[in-house]
Amino acid sequence: MTNTRDGFATKKRFNTDVISRYALMAVASLTVLILFFIILFIVYNSTDAIADVGLWEFLTGTVWKPSADAYGAVPVIVGTILVTAGSVAIAVPIGVGAAIYISEVSSERARRILKPAVELFAGIPSVVYGFFGLVVMIPFLSGIFSEQMPTGFAWITGSLLLGIMALPTIISVSEDSLKAVPRSYREASLAMGATKWETTKKIVVPAAVSGISAAVILGIGRAIGETMAVMMVTGNAAIIPEPLWNIFSYIRTITASLALEMPEVVVGSTHYSALFVLALFLMIMVLAINLIAGYVVKRTKMKFEGNVSEGRFSDLLKKEKIRDIKTAAGLAIIFLIVLLAATLFVDLTMSAVIALAAVIMYKVLAAGLSKLSRKTIEKLAHLSLLAIILLVIGMLVVIIGDIVINALPSLNLEFITEYPKNMGTEGGIFPAIVGTLELVAGTALIALPIGIFSGAYLAEYAVSGKTTSLIRHAIDVLNGTPSIVFGLFGMTALVIFFGFGYSLIAGCISLALMIMPVIIRTTEEAVRSVPHELREASRAMGANKWQTTVKIVLPAAFGGIMTGSILGLGRAAGETAPIMFTAVVLMQSSLSDSIFDPVMALPYHLYYLATEGTADPSMQYATALVLLVIVLSMFILASVIRERSNKKNKW
Amino acid sequence: MVIRMNEIILDIKDVNLWYGEKQALFDVSMPVESNRITALIGPSGCGKSTLLRSMNRMNDLVSGCRIEGKMEFRGNDIYDPSNDVNSIRKKIGMIFQRPNPFPMSIRDNITYGPKIHGITDKKELNEIVERTLQQAALWDEVGDRLDKSALALSGGQQQRLCIARALSTNPEIILMDEPTSALDPIATSKIEDLACELQKDYTVVIVTHNMQQASRISDKTGFMYLGKMIEFDDTEKIFNKPKEETTERYITGRFG
Amino acid sequence: MNTNTKIIAVVAVIVIVAAGAWLALGHNNNNGDDTVTITIAGSTTVAPIMMAVEEVYEKENNVDLQITANGSGAGASAAINGTADIGMLSRDLKASEVESGLVSTTIGLDGIAVIINSNVTGVTNLTVEQLAKIYSGEITNWSEVGGNNLKISVISREDGSGTRDGFESAMVKVDSNFEILTEKIEVASTNAVISSVDRTSGSIGYISVGYTSKIGSNTVLLEVNGVEATAENVVNGTYAIQRDLILATKGEPTGEVADLINWILSDAGQALVEEKGYVPLS
Chain R
19 MTNTRDGFAT
29 KKRFNTDVIS
39 RYALMAVASL
49 TVLILFFIIL
59 FIVYNSTDAI
69 ADVGLWEFLT
79 GTVWKPSADA
89 YGAVPVIVGT
99 ILVTAGSVAI
109 AVPIGVGAAI
119 YISEVSSERA
129 RRILKPAVEL
139 FAGIPSVVYG
149 FFGLVVMIPF
159 LSGIFSEQMP
169 TGFAWITGSL
179 LLGIMALPTI
189 ISVSEDSLKA
199 VPRSYREASL
209 AMGATKWETT
219 KKIVVPAAVS
229 GISAAVILGI
239 GRAIGETMAV
249 MMVTGNAAII
259 PEPLWNIFSY
269 IRTITASLAL
279 EMPEVVVGST
289 HYSALFVLAL
299 FLMIMVLAIN
309 LIAGYVVKRT
319 KMKFEGNVSE
329 GRFSDLLKKE
339 KIRDIKTAAG
349 LAIIFLIVLL
359 AATLFVDLTM
369 SAVIALAAVI
379 MYKVLAAGLS
389 KLSRKTIEKL
399 AHLSLLAIIL
409 LVIGMLVVII
419 GDIVINALPS
429 LNLEFITEYP
439 KNMGTEGGIF
449 PAIVGTLELV
459 AGTALIALPI
469 GIFSGAYLAE
479 YAVSGKTTSL
489 IRHAIDVLNG
499 TPSIVFGLFG
509 MTALVIFFGF
519 GYSLIAGCIS
529 LALMIMPVII
539 RTTEEAVRSV
549 PHELREASRA
559 MGANKWQTTV
569 KIVLPAAFGG
579 IMTGSILGLG
589 RAAGETAPIM
599 FTAVVLMQSS
609 LSDSIFDPVM
619 ALPYHLYYLA
629 TEGTADPSMQ
639 YATALVLLVI
649 VLSMFILASV
659 IRERSNKKNK
669 W
Chain S
5 MVIRMNEIIL
15 DIKDVNLWYG
25 EKQALFDVSM
35 PVESNRITAL
45 IGPSGCGKST
55 LLRSMNRMND
65 LVSGCRIEGK
75 MEFRGNDIYD
85 PSNDVNSIRK
95 KIGMIFQRPN
105 PFPMSIRDNI
115 TYGPKIHGIT
125 DKKELNEIVE
135 RTLQQAALWD
145 EVGDRLDKSA
155 LALSGGQQQR
165 LCIARALSTN
175 PEIILMDEPT
185 SALDPIATSK
195 IEDLACELQK
205 DYTVVIVTHN
215 MQQASRISDK
225 TGFMYLGKMI
235 EFDDTEKIFN
245 KPKEETTERY
255 ITGRFG
Chain H
32 MNTNTKIIAV
42 VAVIVIVAAG
52 AWLALGHNNN
62 NGDDTVTITI
72 AGSTTVAPIM
82 MAVEEVYEKE
92 NNVDLQITAN
102 GSGAGASAAI
112 NGTADIGMLS
122 RDLKASEVES
132 GLVSTTIGLD
142 GIAVIINSNV
152 TGVTNLTVEQ
162 LAKIYSGEIT
172 NWSEVGGNNL
182 KISVISREDG
192 SGTRDGFESA
202 MVKVDSNFEI
212 LTEKIEVAST
222 NAVISSVDRT
232 SGSIGYISVG
242 YTSKIGSNTV
252 LLEVNGVEAT
262 AENVVNGTYA
272 IQRDLILATK
282 GEPTGEVADL
292 INWILSDAGQ
302 ALVEEKGYVP
312 LS
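Residue numbers (the numbering used here), protein chains in the order written: chain R, 19 to 669; chain S, 5 to 260; chain H, 32 to 313.
The shape of chain R in the complex, shown without the other chains (with noise of 0.2 Å):
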């Protein structure tokens, strides 16, 4: 073996770690910039609509009618709020109920199956469930609530299912929560004599509030930024409900108003200058809610851990006195919204006199249940769990079940492989589906380069600093952004400014914006996720940053980030709103030879199916069929990537 006697090499002048860093920090800017230039368009295309109409006319007028020039924003403002609202009073407590029946009281094989089948639920498209939700929840609800609402649309419906739609995204991150409790607490719990139940509801779910109210606040943005679901079951109607909890009555979203109102502006007029208006309260209300999130976040951590002194007016609250007075508040406010619910079948005096019963009701139970023995309580909660995921399940199966058994009268080859006919009412989809495959490869193309290097950045390369708290919060804010602005942003900014014209590279372009912070995500947590010492043993063999990070790191985390690509990819198939206004047509006879011409799509085509109304309905299930498959398979295949990428790195 020979001892070489040489001497280092001298450093070279062009360092490869260098360049490669601040290359990587280019590119991790991009996000900043897209988002800046975002923000930017939408900021300058709204100024001529409040410096014409007036932000007080936008801000207090209930009328909106832009034809007559009215534009009043109340009802659409009030409209979202009210729509989330109670997507959240249902979604939340069956959300939770399920996160934690799942992580406490599910045995480990039942947990191995509701855990990919909750995600599987948060894979279904948002157009899938407008579907279902026009042909089954609207014959359905109109029939049980025919003289409130004769038509099924309405608020609650939206709400119901915009609550569906949250679920997924509740229960993952509160039983993620829930199972980071350290076990020692759970341990400490039950030596001391505590029932499983009782350490549960004293000191899991207290230890995991601020991971579960990040969940909520989480599902809370998912639900405002949700478009094509509301826009198919709410009825549209621009309108203040009357009363103000009339759950029975039209209603309309933000979101909704663009979507609806965007092909009809022309551009540089007031109307296409009030959307951007819409738009812009729209990223204020997502902004402001990322901004609570992270505020609750950090004091229900600090709380918790006994980081924050309680202050005078929450120690106040532990006092015996105060204690029987929030009993007393407990109770009005289970009369109050009782009575309120009420009067929307009854006249006033029977709403009371339900009310008081309710109360009456609440006391007795309430009494009851204390004089059970602590294992029968158990019992009991542990039930009403197991009734909660059951529920939770049961609408997974019933949504593709019935989406299933009415697919199959339709679907055959020909559906599959012929052009639409008859507006869509014979023939098949195959150009459809072609648009959609594009979609997607065009969208990989743009956004998985991007993402996956920005993510490498943000977890291998970027210092704790200005640029990389921007970088951080611009993704934040991309990530939380309603899809429907993509799809303003697009119209406006690719397909009019650029005159690219409806085209799939516009529609790619807007959809790869869309998806960008979730594959930079993943990346970076996977990137994060690769232990140190396989850095460590890289660089110590004389590998330098930029190799250790191409040769070692990335490989490693080739796992999460297929996972996270696929993801987001699977997302980008079943979106209708981005594309709609940049890409898609309704019929084609034959498929488009450029980028810069239209495509059909599968989500698109099954809107256009399901509001028409007049295609057969097994040939609309058999649409929401294929589109199903073609994004559930997705999610299950970055399910398995991920599940043997766990377990062949054994770390």
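What the hints contain is simulated information worked out from the structure, not anything from laboratory work. Being a predicted model, the structure only gives us computed values, none of them experimental. One or more of the hints may lead you astray.
[To be verified] Not the full set, but computed from the structure, chain R residues with beta-carbon under 7 Å of chain S:
#1 Ala27
#2 Thr28
#3 Ala86
#4 Ala88
#5 Arg546
#6 Glu551
#7 Ala555
#8 Met559
#9 Ala561
#10 Asn562
#11 Gln565
#12 Ala574
#13 Phe576
Glycine included, C-beta positions come from ideal geometry on N, C-alpha and C.
Starting from the structure of chain R, add chains S and H where the hints point.
Frame of chain R; chains S and H shown alone:
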């Protein structure tokens, strides 16, 4: 027994090191002789790992770490800014406390280093794989399954693989940071035998928590305490006739 | 993850991306390299005519028609914005649209029919005055116009719809203060009105006469002012609610667009107009 003094391959002179505001090494000096096994012992937190990691500039990767003094590898200060740190690490390799093979095949683990440094010829790479696995006493056990994943090996085998990997870049010094503390006794003794074998062709510096290990295999020992090199001498002298009282108290187990 | 899975995943991704790229870029469809694409957007009333035209016209000429039906307002805007070559409208151009440079060509006439859900009994005819009162919210129960005791669920087209424009113009003629009520369901196409009325108890809606053959089994076609909603009655002027069907272009039509429009004005094109249930130009 006459112990000749070999050439000093790495001369550590008056090294001070800070992690941010906190100083971790105080005026540490130590001559490392070639083809010897030098052991660094001392209680937790005494700075022996810090010192070891300075020898191949791994501390560069810790933000806020600052070093003063010289470490001359054959007269060339490794901290001279005009030196390419990666070529330094080619010559001074490292084995870590927990075995950390890459999640790749055994072959790919070993060819990683040579490929980084420009060797592409397949024959040459294969030769390196066989040679280093032989040197690490692992060839007999894995020679027929070089393309299987390295993660499938036992802990002791993984550590020997890491040694083979470190040998692949033809280093002159091998630094070992508590290489056996995560291994069972049988694997440990295999590694110790290996270190003694390697000594013939390489220089070994080993940090160890295990005094018996140091006295078993090393020629020179440095005892460190609170960031200072308290005593550095022939192993035999350190363990039988230490000059400093602190050394004696550590050796006899009065603190540790 | 092991090498095999990795390879499969990477190959799968490459295949999908390559296929997509091939389809998007290199795909040569049957029409040949010098096909001209004409984008047509707008009225759902006019769309069936254009789709029928597409089937016949594309074969004989080297054009590719891309059609989207999202309402007259959208059609006008698309033509103005330049995102469509032709806008279809089922109303006349507004002053602002003419100012923005649009030029219209009338290709036919159409009446607006009124349909109700068959749950409503005892109503076979409504006057325009009654329609105006229903659509302004003054009349809210079917019993007020001779029907059963059932709440009227009002269905309307969206704000930009030409059909809506035509309908509201007829309302304004009998009540100059007419304003459509806010508590109504808005849907975005004629087909959507048809399916909504069909499945919503007590509902009323308005559609193009050209679509009256498509109404559902739970839907009843009303007479207006005692006159049946047929193409003949639109031609002879007895039917009370009608409007022009137009194609709008930015500036005078030229090139293939002009050829297409001229063809539609020709006997062959007008025959298609009539075939679809509308009134051709005489």
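Hint-by-hint comparison with the structure:
1. Ala27: 4 Å, holds
2. Thr28: Holds, because the Cβ-Cβ distance from threonine 28 of chain R to chain S comes to roughly 5 Å (cut-off 7 Å).
3. Ala86: Result: violated, 63 Å to nearest chain S Cβ.
4. Ala88: Hint violated; alanine 88 of chain R Cβ to chain S Cβ min 59 Å, cut 7 Å.
5. Arg546: 16 Å, violated
6. Glu551: At about 4 Å, which falls below the 7 Å cut-off, the nearest Cβ of chain S leaves the hint on glutamate 551 of chain R intact, so it holds.
7. Ala555: At about 5 Å, which falls below the 7 Å cut-off, the nearest Cβ of chain S leaves the hint on alanine 555 of chain R intact, so it holds.
8. Met559: Cβ of methionine 559 of chain R sits 4 Å from chain S, so the hint holds.
9. Ala561: Check passed: Cβ of alanine 561 of chain R comes within 5 Å of chain S, closer than 7 Å.
10. Asn562: Holds - the Cβ of asparagine 562 of chain R comes within 7 Å of chain S, reaching about 5 Å at its closest.
11. Gln565: With Cβ-Cβ at 6 Å, under 7 Å, it holds.
12. Ala574: Holds: closest Cβ of chain S sits about 6 Å from alanine 574 of chain R, inside 7 Å.
13. Phe576: 10 Å, violated
Hint violations for this structure: numbers 3, 4, 5 and 13, all remaining hints satisfied.
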